[in-house]
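Peer 1: Model the full assembly from the supplied sequences, consistent with the hints where possible.
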Amino acid sequence: MPLVTLTGLLATLALLASPSAAPQPTEALPQDLVPLRESLQRTKKLSARFTQTRHLAALQGALTTEGTLEYEKGGRLVWRTLPPAESELVLAGQKVTISYPGMGGAQTIDFSSDPGMGRVFETIRAVLQADLEELQPLFKLSVTRREPLSLSLLPRKPELARTLRSIQLDFDRQLRLVHVGLTEPDGDSTEIAFRDHVVQTAAP
Amino acid sequence: MRAALHRAHAWMTSHLGVTLLLAVLLLLGGISLSARATTEQDVGAMLPDGPGSPREAARLLGEFGVLNTLLIDVELPGATQEQLAARGAALAAGLRASGEFLEVYTGPSAQEVMQVGKVLFPRRLYLFDDPAREIEGRLEPKRLQPALAKLRARLGSLQALVTKGDLLLDPLDLDADLVAGLAQQAGDVHASDGQLFSKDGRHLLLVTTPARTALDARASKSLLATVASEAAKLAPGPSGRPVVKAVGGPRFAAESAGAVRSDILITLLTSLGGLIVLFAVRFRSLRLLLLASVPIGFGMVGGLTAVVLAQGHIHALTFAFGSVLIGVGIDYPLYLLNAASVQAGDSLERMSAGLDATWRSLWLGFSTTFIAFLTMSLSQFPSLRELALFAGGGILTSFAVTLILLVPLAAVFGPRRWLGIPRWMPALRIRNVRPWVACGVSVAILGAAAFLAPQLRFDGELRHLDAQRPETLGEFEQVMDRFGIRRADTLVVARGHTPQEALLLNDAVESALRRLPESGTSSATFSLGALLPAVATQQARAAKLAALDLSSARSRLSAAAVEAGFSARAFDAFWEEVSAVREEKVAPLTPADFEHTSLEPLLKRMLSCSAEECIAVTSVDPRGKDELDALASSLPAGAVLLNANALARNTVARIPRQMALLTGLGLLLNVVLLTLAYRSLRLAVLACLPGCLGLAGTMAILSAVHAPLNIVSATALVLILGCGVDYGIFALQGLASPSTVSGVQATGVLLTSLTALAGFGTLVLASYRALQSLGAAVGLGIIISATSALLLLPGIFWVLRPRLATPARAS
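Listed in order, the protein sequences are those of chains F and Y. Each residue of the first sequence is one higher than the last, beginning at 1 in my numbering. Each residue of the second sequence is one higher than the last, beginning at 1001 in my numbering.
Hints in this document: simulated from the structure, not taken from any laboratory. Do not take every clue at face value.
Simulated coverage check for chain Y against chain F, where a stretch passes if three residues somewhere in it have a Cβ under 8 Å from a Cβ of chain F [stated by the list, open to error]:
id	stretch
1	1143 to 1154
2	1446 to 1455
3	1556 to 1567
Listed next, the in silico DSS-like pairs over lysine-lysine satisfying Cα-Cα at most 30 Å (straight line) [unchecked claim]:
id	chain 1	residue 1	chain 2	residue 2
4	Y	LYS1118	Y	LYS1604
5	F	LYS157	Y	LYS1118
6	F	LYS95	Y	LYS1245
7	F	LYS140	F	LYS73
8	Y	LYS1199	F	LYS95
9	Y	LYS1150	Y	LYS1221
10	Y	LYS1199	Y	LYS1544
11	Y	LYS1118	Y	LYS1150
12	F	LYS95	Y	LYS1233
13	Y	LYS1118	F	LYS95
14	F	LYS95	Y	LYS1150
15	Y	LYS1604	Y	LYS1142
16	Y	LYS1221	Y	LYS1233
Residues of chain Y placed beyond 12 Å of chain F at every Cβ, according to the derived structure [stated by the list, open to error]:
id	residue
17	HIS1015
18	GLN1159
19	GLY1194
20	SER1222
21	THR1270
22	SER1285
23	GLN1343
24	LEU1378
25	TRP1436
26	HIS1497
27	GLU1600
28	PRO1601
29	PRO1636
30	ALA1677
Positions of the beta carbon are idealized from the N, C-alpha and C atoms, including for glycine.
Peer 2: Shown next, in the form of structure tokens:
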């Protein structure tokens, strides 16, 4: 992985994880989100395919990539982008490994040597897993639609707001995450649509 | 003087308590003085010092070498890279916790990489020799299209959510090549998971720096034990136990020390056994062996005191080899005791008479040996001067103790009944080697030496002196090759009054080295210029950017970008960076930028300043002598090429050569001294003949068997000369005396040569090559010179003896 990519990633994430971006005191979760929380708590394992569409000012058209997401509660989260833009991000315990199989090289970041970095990746994991407990201190959550559920997340802190203007999380009727919309302050946006969910849940 | 000495001996014999007390106080005084000395272990300290000196070269080559580095190679059969990394981390943690390591380096952490990236990437354009040409080259469609396609693919990754800005700053893929260039300098080591892996990912490397110097053999041994014990704690892999190999300076040192210990034990026991047999056969008294050892003990302390008083410190090698040289001091007690044994009267009378009988020869023998050490002190090499001081001081003390203390000691503690010379010994005064045969053999030896000695090789490579096991060396080479670690045998040193001056010259060196591959000779180099060019160089590079037609370049990139699906202004930030560098709005890189980064230690090693000057060092790995010559001729003025082999060839190899010359000078001075003493040049030449034949024969044989002369065996030349001339002096005294005396002197020569063989010749059994070469050289020299004194000298004496020579002249 080119050093600059990693550097940029880490630098930006380090900024997000700076003390000033520390989580706010937890507020009570809105009642509308309690079923979602319970559903997520029952999820033991999940895999899904995704289509990511990125609209960047630097690009003439949309940039679409396909891939898979897998995660296990308390275990690994694997974000795999399929060719031609092949890459893999594995979040496991106290480490994240980013690799570009087609281009050679991998870089692992150990959170034990940098707890701030660890918090950042936990945030990414929280967004992808729609982990409300994690997200609530960082974002102001509001329900934009109850059926099927749709949430809007607005950063609570200016440091985070410099990277993300808002996040939209859409769920289907089974409370599975089917869409993530990320809007950046410069107007660039990313839409991630999830499908073919395979969910393994614990008994209620 | 002799009369006064006899009176003193009588007083000391009757006041032995006071004598012993004074002797012990003197000895203790010398020991306590010597205890204040610091011991030098750096081999480079043996070489001449000063800026650009061989000592500085040896120090730099040592710093960049692996002397104080222990490389640990970990393999986990059948395991994944992740599992291997886990074992590597566990081993590193165990080693760090042991407290025996100054540093255990596993690989750069992400944070360290990020830190370095923050320093380097904003100023990346300064790191290209000609940034304008670099940009132009990368705007060529065949390079630009793949770069843009790669960039587009990267923008699609999840992490691009946050790295978008950095990615768009690098449309020409400058960073990847810059990183690849830096990585290439680190060898074939592949950094991942905060660990260093071999190319195939099956081996992991830990680079450790011991807390104590590798030359501290005990610490090195303990270090290796710690590695072994921590390795044993590692959990097995899918196909077996982890395989951990530790190679480098500490292992060489520990194994060498072990070999030396066993060598010393073996040779000590062998030589002690030889001496016991000799004293038992000749004197039937082991008490005399103890008494004869007293002057040697004093000699050691005397030599040490002389060095400490003169310079306050002593090199470990001086002490080791000097002690061996002082061992020749046992010859004086032997000649004295041998002569005393055939005298009449009580013990004191015997000893006094023995001293009278050997007085002149003892003095001549001592003087000639002392002259040999004095000539050695004329050397330009500090090591040889120190050795001369130590051995000269030791021999002087040992001789003085023989004359002063041995007589009363032997009178009191010697045997009550002295055994005369066994019958077979006087028979050694043989003249059955006919004069023409003796002359012919001597001429043959000298002729062979004249023919072969010029072909004698001088080996200055200090590494050839130790006891490296081939398997250990093989493992070391294997690990170095596996991780593509370059040997730092060749360095280019750039000097300047300031760090920037040194860096500027270093940039010129780098530029010269970069041109070499174009001329067909290729070197792998590790230059500071890749990371930190001089500020002036960076400014010149920024100025070169002025040659870039910015608007044309920008429009070409825009056109290609649009074609690749980017917007026309996607890379505006990149062009802003180019403009900022052109206008010198971006501060150039300075050494201070790397403070507190993972590159700081490397920078400190490669760029260092003393009160007088600063030096920047570039490590080069030339492929052969031709390339080395090409390198040397291509360097800019002021830059110096240091090569370990060349250093050995040109500097250290001068030590044996100089030793040979100084030995020749010593021989000449011996002839002059003996001519004055004997008032006969012929007798002087005759006395020196056994020493000459010993020297000549040794060099001829070493040359014939292609054994090079090294720094240790070269010092043996002095010993051969010293002993050989002594044999000549005593044999000549016997030849010019009545037949009874002749037998005594021949016995003396035989005894001293046998003790020398027992003491030094047995070193040939050693596995430590320094000791082995010393044993071989001394053994040959002693055998040839003693045989010459006993068998050839009588024949030659009858041919060359002065017509008017009377027995009294040589006795």
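Peer 1: State for each hint whether it applies.
Peer 2: For each hint, the structure was consulted:
For a cut-off of 8 Å, the count of residues in the stretch 1143 to 1154 of chain Y with a CB near a CB of chain F stands at 4, and the three-residue condition holds. Counting residues of the stretch 1446 to 1455 of chain Y whose CB falls under 8 Å from any CB of chain F gives 0; the rule of at least 3 is not met. Coverage of the stretch 1556 to 1567 of chain Y by chain F holds in this model, with 4 residues showing a Cβ closer than 8 Å to a Cβ of that chain against a need of three. Between the alpha carbons of LYS1118 of chain Y and LYS1604 of chain Y the distance comes to roughly 20 Å, so the proposed pair stays at or under 30 Å and holds.
Our distance criterion of 30 Å between C-alpha atoms is met by LYS157 of chain F and LYS1118 of chain Y, whose separation comes to about 25 Å. Annotation: proposed proximity of LYS95 of chain F to LYS1245 of chain Y holds, straight-line Cα distance about 28 Å (limit 30 Å). Of the supplied pair hints, the one linking LYS140 of chain F and LYS73 of chain F holds, its CA atoms being roughly 24 Å apart against a limit of 30 Å. Restraint check for LYS1199 of chain Y and LYS95 of chain F: the C-alpha separation of about 23 Å stays at or below 30 Å, so the hint holds.
Of the pairs offered as hints, the one joining LYS1150 of chain Y and LYS1221 of chain Y is violated, with about 52 Å between alpha carbons and a cut-off of 30 Å exceeded. For the hint pairing LYS1199 of chain Y with LYS1544 of chain Y, the CA-to-CA distance comes to about 38 Å; that exceeds 30 Å, so the pair is violated. In summary, the hint linking LYS1118 of chain Y to LYS1150 of chain Y is supported, as the alpha carbons are separated by about 23 Å, within the 30 Å threshold. Distance hint between LYS95 of chain F and LYS1233 of chain Y is fulfilled; the C-alpha atoms sit about 24 Å from each other, no more than 30 Å.
Straight-line distance between C-alpha atoms of LYS1118 of chain Y and LYS95 of chain F comes to about 22 Å, which keeps the hinted pair within the 30 Å bound. Distance hint between LYS95 of chain F and LYS1150 of chain Y is fulfilled; the C-alpha atoms sit about 26 Å from each other, no more than 30 Å. Of the supplied pair hints, the one linking LYS1604 of chain Y and LYS1142 of chain Y is violated, its CA atoms being roughly 41 Å apart against a limit of 30 Å. The straight-line distance between the Cα atoms of LYS1221 of chain Y and LYS1233 of chain Y is roughly 19 Å, inside the 30 Å bound, and the hint therefore holds.
Against the 12 Å criterion, HIS1015 of chain Y stays outside the reach of chain F, whose nearest CB is about 76 Å from its own CB. Not every Cβ of chain F is farther than 12 Å from the Cβ of GLN1159 of chain Y; the closest lies at roughly 5 Å, contradicting the non-interface assignment. A beta-carbon of chain F is positioned within 12 Å of the beta-carbon of GLY1194 of chain Y; the least distance is around 6 Å. At roughly 29 Å, the least C-beta separation between SER1222 of chain Y and chain F is larger than 12 Å, which holds for a residue marked as non-interface.
The beta carbon of THR1270 of chain Y sits about 58 Å from the closest Cβ of chain F, which is more than 12 Å, so the claim that it is off the interface holds. For SER1285 of chain Y, the shortest C-beta to C-beta distance to chain F comes to about 73 Å, beyond the 12 Å cut-off, and the non-interface label holds. The claim that GLN1343 of chain Y is not at the interface with chain F holds, since no C-beta of that chain comes within 12 Å of its own (minimum 84 Å). At roughly 59 Å from the closest C-beta of chain F, the C-beta of LEU1378 of chain Y stays outside 12 Å, upholding its exclusion from the interface.
The beta carbon of TRP1436 of chain Y sits about 83 Å from the closest Cβ of chain F, which is more than 12 Å, so the claim that it is off the interface holds. The Cβ of HIS1497 of chain Y sits about 35 Å from the closest Cβ of chain F, beyond the 12 Å cut-off, so the non-interface label holds. The claim that GLU1600 of chain Y is not at the interface with chain F holds, since no C-beta of that chain comes within 12 Å of its own (minimum 18 Å). Taking the minimum C-beta to C-beta distance to chain F, about 18 Å, the non-interface status of PRO1601 of chain Y holds against the 12 Å cut.
For PRO1636 of chain Y, the condition that its CB be more than 12 Å from all CB atoms of chain F holds, with the nearest at approximately 31 Å. The Cβ of ALA1677 of chain Y lies farther than 12 Å from every Cβ of chain F, with a closest approach of about 79 Å, so its non-interface assignment holds.
In terms of the numbered hints stated before, the structure departs from hints 2, 9, 10, 15, 18, 19, listed from lowest to highest.
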